[in-house]
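Trainee: As a plain string of letters, each chain reads:
2 protein chains.
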Amino acid sequence: MSDLPVSFADIQAAAVRIAPYVHRTPVLESRRLNEILGGRVAFKCENQQRIGAFKARGAHNAVFSLSDAEAAKGVVTHSSGNHAAALALAASNRGVAAHIVMPRNAPKAKVESVRRLGGQIVFCEPTIAARESACEAIMAETGAVLVHPYDDALVIAGQGTAALELLEERPELDFILAPVGGGGLMSGTSIAARAIKPSIRIVATEPAQANDAWRSWTAKAWTAGDAPNTIADGLRTTLGQRGFVILNALLDDFVTVSEDGIRDAMRLVWEVLKIVIEPSSAVPVAALLERKLDLQGAAAGVILTGGNVDLDRLPWQA
Amino acid sequence: MSDLPVSFADIQAAAVRIAPYVHRTPVLESRRLNEILGGRVAFKCENQQRIGAFKARGAHNAVFSLSDAEAAKGVVTHSSGNHAAALALAASNRGVAAHIVMPRNAPKAKVESVRRLGGQIVFCEPTIAARESACEAIMAETGAVLVHPYDDALVIAGQGTAALELLEERPELDFILAPVGGGGLMSGTSIAARAIKPSIRIVATEPAQANDAWRSWTAKAWTAGDAPNTIADGLRTTLGQRGFVILNALLDDFVTVSEDGIRDAMRLVWEVLKIVIEPSSAVPVAALLERKLDLQGAAAGVILTGGNVDLDRLPWQA
Numbered sequence: 001m002s003d004l005p006v007s008f009a010d011i012q013a014a015a016v017r018i019a020p021y022v023h024r025t026p027v028l029e030s031r032r033l034n035e036i037l038g039g040r041v042a043f044k045c046e047n048q049q050r051i052g053a054f055k056a057r058g059a060h061n062a063v064f065s066l067s068d069a070e071a072a073k074g075v076v077t078h079s080s081g082n083h084a085a086a087l088a089l090a091a092s093n094r095g096v097a098a099h100i101v102m103p104r105n106a107p108k109a110k111v112e113s114v115r116r117l118g119g120q121i122v123f124c125e126p127t128i129a130a131r132e133s134a135c136e137a138i139m140a141e142t143g144a145v146l147v148h149p150y151d152d153a154l155v156i157a158g159q160g161t162a163a164l165e166l167l168e169e170r171p172e173l174d175f176i177l178a179p180v181g182g183g184g185l186m187s188g189t190s191i192a193a194r195a196i197k198p199s200i201r202i203v204a205t206e207p208a209q210a211n212d213a214w215r216s217w218t219a220k221a222w223t224a225g226d227a228p229n230t231i232a233d234g235l236r237t238t239l240g241q242r243g244f245v246i247l248n249a250l251l252d253d254f255v256t257v258s259e260d261g262i263r264d265a266m267r268l269v270w271e272v273l274k275i276v277i278e279p280s281s282a283v284p285v286a287a288l289l290e291r292k293l294d295l296q297g298a299a300a301g302v303i304l305t306g307g308n309v310d311l312d313r314l315p316w317q318a
Numbered sequence: 001m002s003d004l005p006v007s008f009a010d011i012q013a014a015a016v017r018i019a020p021y022v023h024r025t026p027v028l029e030s031r032r033l034n035e036i037l038g039g040r041v042a043f044k045c046e047n048q049q050r051i052g053a054f055k056a057r058g059a060h061n062a063v064f065s066l067s068d069a070e071a072a073k074g075v076v077t078h079s080s081g082n083h084a085a086a087l088a089l090a091a092s093n094r095g096v097a098a099h100i101v102m103p104r105n106a107p108k109a110k111v112e113s114v115r116r117l118g119g120q121i122v123f124c125e126p127t128i129a130a131r132e133s134a135c136e137a138i139m140a141e142t143g144a145v146l147v148h149p150y151d152d153a154l155v156i157a158g159q160g161t162a163a164l165e166l167l168e169e170r171p172e173l174d175f176i177l178a179p180v181g182g183g184g185l186m187s188g189t190s191i192a193a194r195a196i197k198p199s200i201r202i203v204a205t206e207p208a209q210a211n212d213a214w215r216s217w218t219a220k221a222w223t224a225g226d227a228p229n230t231i232a233d234g235l236r237t238t239l240g241q242r243g244f245v246i247l248n249a250l251l252d253d254f255v256t257v258s259e260d261g262i263r264d265a266m267r268l269v270w271e272v273l274k275i276v277i278e279p280s281s282a283v284p285v286a287a288l289l290e291r292k293l294d295l296q297g298a299a300a301g302v303i304l305t306g307g308n309v310d311l312d313r314l315p316w317q318a
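These protein sequences, in sequence, are chains A and B.
One point on numbering: in this note's numbering, the residue at position 298 of the first sequence is 298, and numbering is uninterrupted.
One point on numbering: in this note's numbering, the residue at position 272 of the second sequence is 272, and numbering is uninterrupted.
Hints are supplied without guarantee of correctness; some may be wrong.
Identical copies carry no separate label here, and so any pair may be met within one copy or between two of them.
[As the list claims (entries may be wrong)] Here are the computed lysine to aspartate or glutamate pairs in the EDC-like style, where the Cα-Cα straight-line distance is at most 20 Å:
no., residue 1, residue 2
1, K292, D253
2, K108, D233
3, K108, D264
4, K108, D310
Hints are computed from structural coordinates only; laboratory data are not their basis.
Just chain A, same shape as in the assembly:
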């Protein structure tokens, strides 16, 4: 693991660095879900993390790793999702500016959320070229540091702290599962889990309709994502380069799941655990529900990534 872009020591340092600003989230287990899923399953509830998603971890690690001089110039990112809110909160906690580039058509709720957390929103046209040039203009003008949502060693180290906490509480786990979008969470999870428990089975999960990371891992060659169409909106991004290297080195298995499976798993978690999770969180649960991975009574840990969902319209409502 010494040739990987992030080490376990980086994750341990991140845990200390971010502790004052993020929650140690609860771990839930349910007899009924154990029966349905075929083994003991512990759920790490990052839906109850600050800003409602694990992204608070990576953003705080990145922002609090900056020198005072660097931080004073602010930070910048382009995102309309959980990373935008996470970076706004982290910058606010450090007392510096967060410039968030968002497409003009971003959902109003997400815009309001970033604004409430003190983020300075810069709207751009909804194209990749437009948001990248908007970011570059801000960096040139202010000297702000770019914090990439996933292809960043400090962000990956921060995301790994969720698995670190889970394995501290549940050292008996035989499997650990998380979803893959850009690969930041899965990379951090893999590094932490392999270091803490070398025998653990590390399993990545992805929607079959957004399987670029699975294709990259299977081919052992990075594959560009096409425009994926999945209800797991957090996983529509393409695997980052650092994530590709880390997942290649550390994953034991990688399974994909159907949209129906994601929907059923999401509803099952709401019904039984009585918690609000977003579709991305349900992807590893779907892998167990669809028996893409047979636990055979073993103990698995699942990282529930977030709970930011449109309550006006749920995926199982036609």
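Keeping the supplied structure of chain A fixed, place chain B upon it in accordance with the hints.
Mentor: Positioned in the frame of chain A, the structure of chain B alone reads:
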């Protein structure tokens, strides 16, 4: 308090009796909700209790208080709600029969839930007379003991264990709030809270559209309920006689809330705490949201009663 039908010692005994069978539920707090609600608010999450509601506490206390000879004949109740599931689980844990009288038109999901927990369902016509005579027939035939959903000293003592746990964790609370349906939870909460912290303000809450308990408390005379129409389906019952006596003696305040307030409070809790609560749980939150009770920065505890809700149609969806 010595003339009340339930003592604090009864609640302490209940806590020991039911501990092997129920969860010690989490207590949540959120900075954002504190800002919105005007004080520090601790939420006791009985939505994450077994069967998804506090009713598991009272049912287990009643069933495990029976002698072996009494228990062997089984237990019976009429309910199509959370008490039915709670009694089925408690009887199953004791290894005895639970006869659950339900109207023929009970929602299929509730019937399935009771059946999955091992309850023996007896259908009857959807009238009070029919369900009472069905209960009496079962008692005459089997010798089963009736466990009333709320007008029962052992049930009240069991429900009081939620407040006991909350005040153990949060001794600093200045207020404690819960909703009133039949009065079992509010009675147990009042007895526990007054005994543990004599200075605490005990506040009952009820939907304005189902305000029979409020009318009874205000008039200091028990008032029959009319047929209430509220989205808080768990609170459509009429205050029991024991509850009337206890609430008269111990409440500091009693406030009622609007249907819109319940809906807004329910959605707010889902959005911010990322947990699934049923409309009844949102009633005390609505009291704070609508400033029916002004915390002025003080610390309040709210018992979130349950999380069993129809996920196909949420109250804020037209």
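Trainee: If a hint holds in the structure, say so; if it does not, say that too.
Mentor: Structure-based check of each hint:
1. K292 with D253: Within one copy, since 10 Å is at most 20 Å while 55 Å is not.
2. K108 with D233: Intra 16 Å, inter 32 Å, cutoff 20 Å: intra-copy only.
3. K108 with D264: between (28 Å within a copy, 19 Å between copies)
4. K108 with D310: within (11 Å within a copy, 27 Å between copies)
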